[in-house]
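Visitor: What follows is each chain in one-letter form.
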Amino acid sequence: MISYIVRRLLILPIILIGVTLLVFSMIMMLGPYERLSTYIKDPAELKNVDVDVLVTKLGLNDPWYEQYGRWISGVARGDMGWSESAGSTVTQAFLSRFPATAELGLLALLPVVVGGVILGVFASVHHNDFWDHVSRVLAIIGWSVPTFVFGLIMLMIFYGTLGWFPPSRLDSWALDIVNSAGFINYTNFFIIDGLLNANFAIVGNAIRHLVAPVITISILWWAFIMRITRSSMLEILRRDYIRTARAKGVKENVVVYKHAVRNALIPVVTVAGRMVLGLLGGLVITETIFNIKGLGQFMAQAAQQLDYPAVLGGTLYFGFLLILINLCVDVSYAIIDPRIRLE
Amino acid sequence: MSKEKLIDVNDLATYFHTEEGTVKAVDGVSFEIYPGETLGIVGESGCGKSVTSLSIMRLIESPPGKIENGEILFNGKDLTKLNQKQMRKIRGNDISMIFQEPMTSLNPVYTVGDQIMEAILIHKDVSKKEARQEAIDMLTKVGIPLPEQRVDEYPHQLSGGMRQRVMIAMSLSCDPQLLIADEPTTALDVTIQAQILELMNSLKRQFGMAIMMITHDLGVIAEVSDRVAVMYAGKVVEYADVKDLYGDPKHPYTWGLMYSIPHIEKDLERLEAIPGNVPNPLNFPEGCKFNTRCQFATDKCRVDEPELEEVEEGHYSACWHVDKLEEQKAKQGRG
Chain A
1 MISYIVRRLL ILPIILIGVT LLVFSMIMML GPYERLSTYI KDPAELKNVD VDVLVTKLGL
61 NDPWYEQYGR WISGVARGDM GWSESAGSTV TQAFLSRFPA TAELGLLALL PVVVGGVILG
121 VFASVHHNDF WDHVSRVLAI IGWSVPTFVF GLIMLMIFYG TLGWFPPSRL DSWALDIVNS
181 AGFINYTNFF IIDGLLNANF AIVGNAIRHL VAPVITISIL WWAFIMRITR SSMLEILRRD
241 YIRTARAKGV KENVVVYKHA VRNALIPVVT VAGRMVLGLL GGLVITETIF NIKGLGQFMA
301 QAAQQLDYPA VLGGTLYFGF LLILINLCVD VSYAIIDPRI RLE
Chain B
1001 MSKEKLIDVN DLATYFHTEE GTVKAVDGVS FEIYPGETLG IVGESGCGKS VTSLSIMRLI
1061 ESPPGKIENG EILFNGKDLT KLNQKQMRKI RGNDISMIFQ EPMTSLNPVY TVGDQIMEAI
1121 LIHKDVSKKE ARQEAIDMLT KVGIPLPEQR VDEYPHQLSG GMRQRVMIAM SLSCDPQLLI
1181 ADEPTTALDV TIQAQILELM NSLKRQFGMA IMMITHDLGV IAEVSDRVAV MYAGKVVEYA
1241 DVKDLYGDPK HPYTWGLMYS IPHIEKDLER LEAIPGNVPN PLNFPEGCKF NTRCQFATDK
1301 CRVDEPELEE VEEGHYSACW HVDKLEEQKA KQGRG
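First to last, the protein sequences are chains A and B.
Read in order, the letters of the first sequence correspond to residues 1 to 343 in the numbering used here.
Read in order, the letters of the second sequence correspond to residues 1001 to 1335 in the numbering used here.
Just so you know, the hints here were simulated from the structure itself, not pulled from any lab data.
Each hint should be verified, as a subset may be incorrect.
Unchecked claim - Chain A regions said to be covered by chain B (calculated; three or more residues, Cβ under 8 Å):
{"#": "1", "region": "186-199"}
{"#": "2", "region": "259-267"}
What the hints assert, rightly or not - Across the chosen pairs, the derived CB separations fall in these ranges:
{"#": "3", "chain 1": "A", "residue 1": "Lys251", "chain 2": "B", "residue 2": "Asn1283", "range": "48 to 54 Å"}
{"#": "4", "chain 1": "B", "residue 1": "Glu1044", "chain 2": "A", "residue 2": "Lys251", "range": "53 to 59 Å"}
{"#": "5", "chain 1": "A", "residue 1": "Arg339", "chain 2": "B", "residue 2": "Asp1299", "range": "27 to 33 Å"}
{"#": "6", "chain 1": "A", "residue 1": "Lys251", "chain 2": "B", "residue 2": "Thr1140", "range": "25 to 31 Å"}
{"#": "7", "chain 1": "A", "residue 1": "His127", "chain 2": "B", "residue 2": "Glu1044", "range": "28 to 34 Å"}
Claimed, not checked - Think about it this way: if two alpha-carbon atoms lie no more than 27 Å apart in a straight line, the pair counts; the simulated BS3-like pairs of lysine-lysine are:
{"#": "8", "chain 1": "A", "residue 1": "Lys251", "chain 2": "B", "residue 2": "Lys1331"}
{"#": "9", "chain 1": "A", "residue 1": "Lys251", "chain 2": "B", "residue 2": "Lys1077"}
{"#": "10", "chain 1": "B", "residue 1": "Lys1066", "chain 2": "A", "residue 2": "Lys251"}
{"#": "11", "chain 1": "A", "residue 1": "Lys251", "chain 2": "B", "residue 2": "Lys1085"}
{"#": "12", "chain 1": "B", "residue 1": "Lys1077", "chain 2": "A", "residue 2": "Lys258"}
{"#": "13", "chain 1": "B", "residue 1": "Lys1324", "chain 2": "A", "residue 2": "Lys258"}
{"#": "14", "chain 1": "A", "residue 1": "Lys251", "chain 2": "B", "residue 2": "Lys1329"}
{"#": "15", "chain 1": "B", "residue 1": "Lys1129", "chain 2": "A", "residue 2": "Lys251"}
{"#": "16", "chain 1": "B", "residue 1": "Lys1324", "chain 2": "A", "residue 2": "Lys251"}
{"#": "17", "chain 1": "B", "residue 1": "Lys1085", "chain 2": "A", "residue 2": "Lys258"}
These figures come from a predicted structure and were not determined experimentally.
Each residue gets a CB set at the ideal place from its N, CA and C atoms; glycine is no exception.
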């Protein structure tokens, strides 16, 4: 088990280098003048300067490997250029937007995986019962409605009509408190900071603002995880070893939760890994709809404004995230299925 | 036999209600097993032998399956009347079962030790440590080398024969009175088959349990059984001591099966197979279910279904024309 994880970690640097090469080749598809923008920290620098001189000075006509070396050492130091659309360096822009996205993403992810699996198991045990049909209908609806439509409907009903779940991250009175001197921003995760400052009004307000986007982003995946779990469970429950367990006198719920679920989780883990990537895509739409200043919204804006450094930095960042997620998926496989550990 | 019957199955009928119609997988089966004896149940695939065993265990999936009729008296208690909770106390404890496919009958994500211990922990009042020791003892008894090491291995690390030994260890771990073995050697190659059968015979002597051996292999039955029930299309068609059955089959189906076994001393051009196929369970023929394939069949056979009748002492057959079969046997004996 441990040797399996170590082997996975050893391949990690190779994959990371691969990702940086890929992103770098995207940068190199741009001409030297366009690439110049990734090096300019402040537009004011461009005034009264000969651009050609700058290109030569920055070595933008050098061979690609020299440029790659310089670029990668910059990336390693957290220097990914200046983002025009954010009005700060790309790194700063990412850091300031990361908490909002992470808060939303984590709150969406955990309930989806846990809840989706539980519902899927429930549906499989009640195969073709009333509840199985109900869950099927809900899943089809959840799976069919696109995120942007669902988000707008949520906004219309729960904010426009009922006024329960407003957009953005906090109400303005709460923002005033958060930005005031008395409130210490430990993490910029408002729920956590609210708890650390013992200011439960902030916690409540942050949660209230998160309900609608979390539901919007996760509804599709609830449905998906549930359906995968259900079909996987139905297949596993027909296996011979389930009959063996019953023949031993094992209680039915132990048969389901001990003998079947662990085997049924193997395809679910695969899907859950994909789902995280899907969630990242969903973040772009959801953050835009609910006006949450997170990475998704930032990436969407940067792309619209042809902010190359931000887009490339974002690509690199999401690439790294993807590798981490794949690592988590691989390790989860090994934990669930002993056959994989020994390969 | 004046001993108490261990299990007494009377007129058992298990049907499956499917969309295409009712499948009468088991339709009026009766037999009994005495303590310590081995009853062989033999028949082609689809004749209802596995459904009979799963009915005894009450493991028929419901819906679509249902025990429609009959009683299964185990030590005088009717298993068909018990609820699932009462049944669970019997499964794996008083009656346990091993299956055809050792490759798929063990859970791939738990160690063999875990799986043996699970049965012990359910039925016996022992600690985990004691259960583990018992599991190791059982692995030793079924002839698995290095049991202390094997106990922590996963099923995929063992060969088919070893897995079947693990299954046997698991099924015997709670000292059952009856072991149901559903084609335990079918998926194994011949040398391993012989080893497993020998193991089962020696464990039977050691543990003194009765065995219900289900197979389509007449050779296996001959090797281990005391008495045999031959099943065809959901019914027992012949029921006798193993020697009587092999020496003098009283049902055309059994007789046909015997003729389809290759004999080393006879030099045959080709094997005699029983003509035709097993009838579709959704559409069994009227009368005797074997009439479509039987060379002795008459109009009576196509209308009336024969009951199991004692044709010799302790030898039962369900056929209208045992006399015709005798004539044929006499003719072949001369020729």
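Visitor: Determine for every hint whether it applies to the structure shown.
Guide: Hints versus structure:
| no. | hint | result |
| --- | --- | --- |
| 1 | 186-199 | violated (count 0) |
| 2 | 259-267 | holds (count 3) |
| 3 | A/Lys251 to B/Asn1283: 48 to 54 Å | violated, 39 Å |
| 4 | B/Glu1044 to A/Lys251: 53 to 59 Å | violated, 35 Å |
| 5 | A/Arg339 to B/Asp1299: 27 to 33 Å | violated, 59 Å |
| 6 | A/Lys251 to B/Thr1140: 25 to 31 Å | holds, 29 Å |
| 7 | A/His127 to B/Glu1044: 28 to 34 Å | holds, 31 Å |
| 8 | A/Lys251 to B/Lys1331 | violated, 58 Å |
| 9 | A/Lys251 to B/Lys1077 | holds, 21 Å |
| 10 | B/Lys1066 to A/Lys251 | holds, 20 Å |
| 11 | A/Lys251 to B/Lys1085 | holds, 8 Å |
| 12 | B/Lys1077 to A/Lys258 | violated, 31 Å |
| 13 | B/Lys1324 to A/Lys258 | violated, 58 Å |
| 14 | A/Lys251 to B/Lys1329 | violated, 53 Å |
| 15 | B/Lys1129 to A/Lys251 | holds, 22 Å |
| 16 | B/Lys1324 to A/Lys251 | violated, 53 Å |
| 17 | B/Lys1085 to A/Lys258 | holds, 18 Å |
Hint violations for this structure: numbers 1, 3, 4, 5, 8, 12, 13, 14, 16, all remaining hints satisfied.
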